[in-house]
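K.L.:
From first to last, the protein sequence lines are chains V and R.
So in the numbering used here, the last spot in the first sequence is 230, and the numbers never skip.
So in the numbering used here, the last spot in the second sequence is 1194, and the numbers never skip.
Hints listed in this document are in silico derivations from the structure and should not be mistaken for laboratory results.
Hints may be right or wrong, so weigh each one.
[To be verified] Below are the DMTMM-like pairs computed for lysine to aspartate or glutamate, each with C-alpha atoms no more than 25 Å apart in a straight line: (1) R:K1022 / R:D1115; (2) R:K1022 / V:D132; (3) V:K112 / R:D1115; (4) V:K112 / V:D132; (5) V:K112 / V:D68; (6) R:K1022 / V:E113; (7) V:K112 / V:D123; (8) V:K226 / V:E163; (9) V:K226 / V:D215; (10) V:K226 / V:D207; (11) V:K112 / V:E155; (12) V:K112 / R:E1121; (13) V:K112 / R:E1008; (14) V:K112 / R:D1192; (15) V:K226 / V:D24.
[Stated by the list, open to error] If you only want the chain V side, here are some residues facing chain R, beta carbon under 7 Å, derived: (16) L54; (17) R74; (18) Q90; (19) V92; (20) P94; (21) S103; (22) A111; (23) E124; (24) Y125; (25) D132; (26) P134; (27) H136.
Nothing here was measured: the structure is a model prediction, and the numbers come from that model.
C-beta: ideal position from N, C-alpha, C; glycine also.
Below, each chain spelled out in residue letters.
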Amino acid sequence: MGGGVVIEFDGVGHSYGDRTVLSDVDLSLPQRRVAFIGANGSGKSTLARMINGLVQPTSGRVLVDGLDATRDGRAVRRRVGFVFTNPDSQIVMPTAGEDVAFSLRRTGLRAKERARRAAEVLDEYGLGGYADHPAHQLSGGQKQLLALCSMLVLEPSVLVCDEPTTLLDLRNTRRFVELLGRLSQQVVLVTHDLDLLGDFDRVIVIDRGRVVADDEPEPAVRFYAKLAAE
Amino acid sequence: MSPLGWYEPGSSPLHRLAAGWKFLALLALAAAVFAVRSPWWLGGICAAVVFGYALARLPPRRCRQIALSLGGLVLFVFVLQWWLLGPDAAVLACLRIVAALGAANLFTLTTRVDDLVSTVERVTRSARLGLLVGLTLRAVTALSVVAVEVREAAKARGVERSAVAFAVPFLIRTLRHADELGEALAARGIGDEP
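If we strip away everything but chain V, and leave its shape as in the complex, we get (with noise of 0.2 Å):
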């Protein structure tokens, strides 16, 4: 059920060729509502990936539940979902059944199986009725449902989502933020809807490459808000 789960940033570091995007970070979030917010370009993406290990640290390591994100990349991706900003990248099938079913598919569950868990899960998430819809002609909003409904269906104990709502209008995205307040997961969610995050139990900025400040939702984007208008 989520709780337990500790993401923990040792003395990570990232550099690109000669240009550091990140340094010095040194964190443990043992809790189930994280926010990362900073610029663009301050390094808050590269930190979320090195949660499920698609980006890997130059300097450090990245620990989930006590396994490396590096060495134990398989095990931690198991354990950790990933949603993106733009589901259009995201959803490989041509339906939405199928997209999500295909996550399934290194499960072992026969092809009926897998159907029917992924109608269950479309259906949870208020897409029921299209699971035979061709996923490219969802609205925007329906699509991030479809990446969300996709990392679900594996039934990871962490979320870590990247900027989620940014392609999304306002209704959508106070669903959107709404839904992951319902979930049982642990979330990380990096993201600019700053007024979104007053139910988080934390929020770290980061600036160019190293954490600034980390605090509770409302000091924490005050801090933000002064540094963005230096």
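Assemble the complex: chain V is given as a structure, and chain R must be docked to it using the hints.
P.N.:
For chain R alone, coordinates are given in the frame of chain V:
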């Protein structure tokens, strides 16, 4: 904008036929279409394909859509072939196009990609090949959307006739799409199995 025929849910005999047999039939038909030189035989194959559409009980809207785009292509090829090779060759080429493309569309309209992918995986015993088939089909949609958007952007800037204004952003967006897709697949655990 969307390709001709994505899956159209249904319960006709053609929908229920196993993906593997349908695919073999499609290959056999395509081979026959290019081996046969008699316009009467080709006409017969075309009629069989049209009968297949009736058998699949597809919505008239989809059939009209396919007939329109296929009709445009056939008209263009017919005129070109007549001019270059004469009327006999033109009729032959057009019958071949109608039979082959009509059958291919009928296949995608009545077959779930997931079923096709599973069949390829089972027959070749390779999960990679199955995934390759699925992603190839998906890439057709993804790239046609990118092409439309890039063309719109070029038009907005008044450079719709420039090849560079199309090719450069199209290439960049395609590469970025490939990057993002790769990340998304990795996040879903694809490639983690030995």
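K.L.:
Hints first: check each against the structure and report whether it holds.
P.N.:
We went through each hint and held it up to the structure:
Only pairs whose Cα atoms come within 25 Å are accepted, and R:K1022 paired with R:D1115 is accepted, the gap being roughly 11 Å. Straight-line distance between C-alpha atoms of R:K1022 and V:D132 comes to about 20 Å, which keeps the hinted pair within the 25 Å bound. For the proposed pair V:K112 and R:D1115, the alpha carbon gap of about 11 Å is at most 25 Å, so the pair holds. A hinted pair counts as satisfied when its Cα atoms are at most 25 Å apart, and V:K112 with V:D132 qualifies at roughly 14 Å.
The hinted pair formed by V:K112 and V:D68 fails the criterion: a straight-line CA distance of about 35 Å is larger than 25 Å. Between R:K1022 and V:E113 the alpha-carbon distance is near 23 Å, which keeps this suggested pair within the 25 Å criterion. Of the supplied pair hints, the one linking V:K112 and V:D123 holds, its CA atoms being roughly 16 Å apart against a limit of 25 Å. Note on V:K226 and V:E163: the hinted pairing holds, with a Cα-Cα distance of about 21 Å set against a maximum of 25 Å.
About 15 Å separates the Cα atoms of V:K226 and V:D215, which keeps this hinted pair within 25 Å; it holds. About 12 Å separates the Cα atoms of V:K226 and V:D207, which keeps this hinted pair within 25 Å; it holds. Annotation: proposed proximity of V:K112 to V:E155 holds, straight-line Cα distance about 19 Å (limit 25 Å). About 16 Å separates the Cα atoms of V:K112 and R:E1121, which keeps this hinted pair within 25 Å; it holds.
Restraint check: the Cα-Cα separation between V:K112 and R:E1008 comes to about 18 Å, which is no more than 25 Å; the hinted pair holds. About 24 Å separates the Cα atoms of V:K112 and R:D1192, which keeps this hinted pair within 25 Å; it holds. A hinted pair counts as satisfied when its Cα atoms are at most 25 Å apart, and V:K226 with V:D24 qualifies at roughly 23 Å. Hint status for V:L54: holds, given a least beta-carbon distance of 6 Å to chain R, under 7 Å.
Satisfaction of the interface hint for V:R74 is found here, the shortest Cβ-Cβ separation to chain R being roughly 4 Å, below the 7 Å cut-off. A distance limit of 7 Å between C-beta atoms decides the matter here; for V:Q90 the minimum to chain R is near 4 Å, and the interface restraint holds. With 7 Å as the threshold, the beta carbon of V:V92 comes within range of chain R, its nearest partner Cβ sitting at about 5 Å, so the hint holds. The restraint placing V:P94 at the interface with chain R holds, with a minimum CB-CB distance near 5 Å, inside the 7 Å limit.
Nearest Cβ of chain R to the Cβ of V:S103: about 6 Å, under the 7 Å cut. The hint holds. Checking V:A111 against chain R by beta carbon gives a least distance of about 6 Å; that is within 7 Å, so the hint holds. The beta carbon of V:E124 is not positioned within 7 Å of any beta carbon in chain R (closest approach about 19 Å), and the interface hint is therefore violated. The closest approach between the C-beta of V:Y125 and any C-beta of chain R is roughly 17 Å, which is over the 7 Å cut-off, so the hint fails.
The closest approach between the C-beta of V:D132 and any C-beta of chain R is roughly 4 Å, which is under the 7 Å cut-off, so the hint is satisfied. Restraint check, V:P134 versus chain R: the minimum CB separation of about 5 Å is within 7 Å; hint holds. Residue-level restraint check for V:H136 holds (minimum Cβ-Cβ distance to chain R is 5 Å; threshold 7 Å).
The structure fails hints 5, 23 and 24 (numbered hints given earlier, in ascending order).
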